[in-house]
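Student: Protein sequence lines correspond, in order, to chains A and B. FYI, in the working numbering the residues of the first sequence are 7 to 317. FYI, in the working numbering the residues of the second sequence are 7 to 317.
If you are wondering where the hints come from, they were derived from the structure by calculation, not from laboratory data. For each residue, glycine too, the CB sits at the ideal point set by N, CA and C. Be a bit skeptical, because a hint or two may be false.
Claimed, not checked - Below, a list of computed lysine-lysine pairs in the DSS-like style, where the Cα atoms sit at most 25 Å apart: (1) B:Lys156 - A:Lys294; (2) B:Lys136 - A:Lys87; (3) A:Lys156 - B:Lys136; (4) A:Lys9 - A:Lys22; (5) A:Lys136 - B:Lys156; (6) B:Lys136 - A:Lys249; (7) B:Lys271 - A:Lys156; (8) A:Lys87 - B:Lys294; (9) B:Lys271 - B:Lys205; (10) B:Lys156 - B:Lys294; (11) A:Lys106 - A:Lys87; (12) B:Lys282 - A:Lys87; (13) B:Lys156 - A:Lys156; (14) A:Lys106 - A:Lys60; (15) B:Lys271 - B:Lys230; (16) A:Lys286 - B:Lys249; (17) A:Lys294 - B:Lys87; (18) A:Lys9 - A:Lys60; (19) B:Lys156 - B:Lys22; (20) B:Lys87 - B:Lys133; (21) B:Lys249 - B:Lys286; (22) B:Lys249 - A:Lys136; (23) B:Lys87 - A:Lys136; (24) A:Lys136 - A:Lys106; (25) B:Lys286 - A:Lys249; (26) B:Lys87 - A:Lys156.
As the list claims (entries may be wrong) - Pulled from the structure, derived: some chain A residues nowhere near chain B, Cβ distances all over 12 Å: (27) Glu37; (28) Gly95; (29) Trp128; (30) Lys133; (31) Leu138; (32) Leu171; (33) His172; (34) Asp175; (35) Arg204; (36) Lys230; (37) Glu241; (38) Glu245; (39) Glu281; (40) Ala288.
There are 2 protein chains.
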Amino acid sequence: MSKYVFGVDLGGTTVKLGLFDNEGAVLDKWEIVTRTENNGELILPDIAKAVLDKMAEKSIDKKDVVGVGIGVPGPVDDEGKVSVAVNLGWGAKDIAGELKSYTGLPVKAGNDANVAALGEMWQGGGKGFKNLVVVTLGTGVGGGIIINGKVVTGATGAGGEIGHLHVIDEEEETCGCGNHGCLEQYASATGVVRLAKRKLAVNKKVTLLSENDLSAKAVFDAVKANDEVAIEIAEQFGEILGKGLASVAAVTNPEAFVIGGGVSKAGTVLFDYIEKNYQKYAFPSCRKAVFKLAILGNDAGIFGAAKLVID
Amino acid sequence: MSKYVFGVDLGGTTVKLGLFDNEGAVLDKWEIVTRTENNGELILPDIAKAVLDKMAEKSIDKKDVVGVGIGVPGPVDDEGKVSVAVNLGWGAKDIAGELKSYTGLPVKAGNDANVAALGEMWQGGGKGFKNLVVVTLGTGVGGGIIINGKVVTGATGAGGEIGHLHVIDEEEETCGCGNHGCLEQYASATGVVRLAKRKLAVNKKVTLLSENDLSAKAVFDAVKANDEVAIEIAEQFGEILGKGLASVAAVTNPEAFVIGGGVSKAGTVLFDYIEKNYQKYAFPSCRKAVFKLAILGNDAGIFGAAKLVID
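Let the sequences and hints guide you as you build the complete structure.
Tutor: Take a look at the structure:
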């Protein structure tokens with residue numbers, strides 16, 4: 007029986023790698039740089055080398071490795087192919103096939119947000135739930151929809167792209183996806199800053215917030231200090247996100263929402279603003295859903311990637 | 007090997023029943039009245055009698071029956087229990103358990119819209135797709151979300167309740183669910199009439215539509231006759247529904263939407279209004295989804311109910 011599994015979380019700047027035993031214990035964890043030059047042609051060879059070097063270092067034999075799971079920032083289909091991953095310089099790529107050919111190991115690939123969701127379900131804030139939605143409030147807003155323990159990939163790998171729920175008709179700024187008024191334009195770290203800038207542009211009240219030093223952290227720190235303006239921004243954030251999650255619930259009716267990503271470092275104060283709006287807009291039978299914080303942080307991706315292969 | 011299966015579609019006025027062979031061919035089809043008096047206590051005994059009488063009439067032995075599938079107007083959990091079904095007078099009820107005790111046959115129960123969705127996937131407009139959304143535009147708006155061939159029931163049986171997506175903030179009329187601005191307030195048969203009434207109240211143009219004789223059929227008949235006012239109503243309907251379905255797509259990224267229910271009798275003219283708005287609001291990777299008409303009509307429920315048991 008194979009004893010080891012590699013979990014890889016491929017980001018636009020760094021690649022996080024984890025070596026796990028097949029029970030899910032972390033044996034080693036490290037990072038390499040993501041080399042995006044020349045349309046990212048070095049990325050998969052670099053990852054393969056990192057894996058093979060680690061096996062050499064630890065004297066691990068190929069037959070003792072279950073495989074390599076990898077999470078990628080882009081829509082990935084059930085066969086481990088991506089159609090485009092802008093942050094990596096990639097167009098269409100057979101990730102699973104290429105990485106398998108470089109390593110000689112079984113490979114499974116998934117969308118990074120979906121994979122992180124699986125990690126949180128397995129060993130994180132969603133442990134014990136089988137029907138959940140993991141919401142990652144980072145630079146963008148990612149989602150992972152889990153139904154009966156399986157991530158919903160979707161027809162073209164865009165399952166759980168809840169950052170692109172249309173929520174505001176009047177928006178004039180364009181979202182990264184080309185649409186206008188997507189959830190991630192307000193509920194991501196940059197989205198909270200957008201809401202804060204707009205508020206401060208018309209604000210006449212005294213506030214701890216300064217236009218020159220705005221961040222999601224600054225906003226929620228000020229909320230915790232009872233800053234009236236910051237609280238108004240948080241109310242707006244919570245109204246938009248709570249309403250968006252109520253829409254998600256009308257589709258899949260989850261047991262739990264697990265909130266992660268940089269913005270979630272603010273902690274459970276977020277729930278004060280999200281939950282009341284969720285309750286207000288959700289279909290009555292969906293209101294029992296609980297809100298949990300993600301707990302694996304940046305490691306959710308490597309856990310979930312490992313879990314991809316173990317399944 | 008068992009040869010027969012019963013599919014039951016339980017509505018507020020009539021119960022539709024179908025006798026199928028286990029390949030899905032309809033052998034018989036009939037209806038009985040739904041007796042909702044005394045909190046609907048007679049409904050399941052009546053259904054059991056209808057099934058047992060049919061078996062006697064056709065000289066079918068119990069050992070030759072796979073079971074009875076039943077679709078119910080309310081949220082049904084994975085064990086076949088309903089928490090409430092207002093139209094039937096029911097509170098909490100163990101449908102599968104009770105009907106099994108009355109018939110001595112295996113029973114599976116599901117939400118009526120979910121069950122109809124399964125019917126359309128099996129033998130209807132969604133044949134050949136495994137990831138689809140069936141949208142029923144009837145008195146209300148029901149939905150069935152199918153992922154990898156299985157209906158999403160949800161944590162409390164409210165999976166696919168897309169009629170209760172919140173779509174309009176300004177709505178003052180209350181939806182049947184108690185919320186305001188739900189999709190079904192505009193996209194159901196009564197919703198189209200609501201839109202039409204509001205349009206006619208401020209309309210100054212010549213139109214075929216009359217306030218005294220409004221229906222979804224009248225509106226789409228007028229659309230087909232190039233009536234300018236009816237077209238404006240259809241545009242509004244399409245904008246709301248297309249946008250709502252784009253939200254659904256951001257969650258589950260289906261291959262296809264199958265549109266059924268009374269409103270869908272208008273035919274593919276609906277797609278002229280729904281699809282362009284879907285394309286406008288959908289996340290780019292979700293835009294390949296195709297739109298199909300449901301084809302089983304009122305029989306979708308008995309087909310899907312039978313399929314529940316065959317699975």
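Student: Closest CB-CB distance from Leu138 of chain A to chain B, is it above 12 Å?
Tutor: 9 Å, violated
Student: Evaluate the condition: distance from the CB of Asp175 of chain A to the nearest CB of chain B exceeds 12 Å.
Tutor: 9 Å, violated
Student: Is it correct that the beta-carbon of Glu281 of chain A has no partner in chain B closer than or equal to 12 Å?
Tutor: 16 Å, holds
Student: With the threshold set at 25 Å, check whether the alpha-carbon distance from Lys87 of chain B to Lys133 of chain B stays at or below it.
Tutor: 28 Å, violated
Student: Take a quick look at whether Lys156 of chain A and Lys136 of chain B sit within 25 Å of each other, Cα to Cα.
Tutor: 15 Å, holds
Student: Decide if the proposed pair is consistent with the structure: Lys9 of chain A and Lys60 of chain A, CA atoms, cutoff 25 Å inclusive.
Tutor: 15 Å, holds
Student: Should the label of Glu245 of chain A as a non-interface residue stand, given a Cβ cut-off of 12 Å to chain B?
Tutor: 10 Å, violated
Student: Mind checking the alpha carbons of Lys106 of chain A and Lys87 of chain A for me, to see if they're no more than 25 Å apart?
Tutor: Holds. Lys106 of chain A to Lys87 of chain A sits at ~12 Å (cutoff 25 Å).
Student: Lys87 of chain B and Lys156 of chain A were given as a pair; does the straight-line alpha-carbon distance stay at or below 25 Å?
Tutor: 24 Å, holds
Student: Take the C-alpha atoms of Lys156 of chain B and Lys156 of chain A, compute the straight-line distance between them, and say whether it is at most 25 Å.
Tutor: Given that 25 Å is the threshold and the Cα spacing comes to 12 Å, the pair holds.
Student: Between Lys106 of chain A and Lys60 of chain A, does the CA-CA distance stay at or below 25 Å?
Tutor: 16 Å, holds
Student: Decide, holds or violated, for the assertion that all CB atoms of chain B are farther than 12 Å from the CB of Trp128 of chain A.
Tutor: Since the minimum Cβ distance to chain B is about 19 Å, Trp128 of chain A lies beyond 12 Å and the statement holds.
Going down the numbered hints, you'll see the structure goes against 6, 7, 12, 20, 22, 24, 31, 32, 33, 34, 38 and 40, while the others check out.
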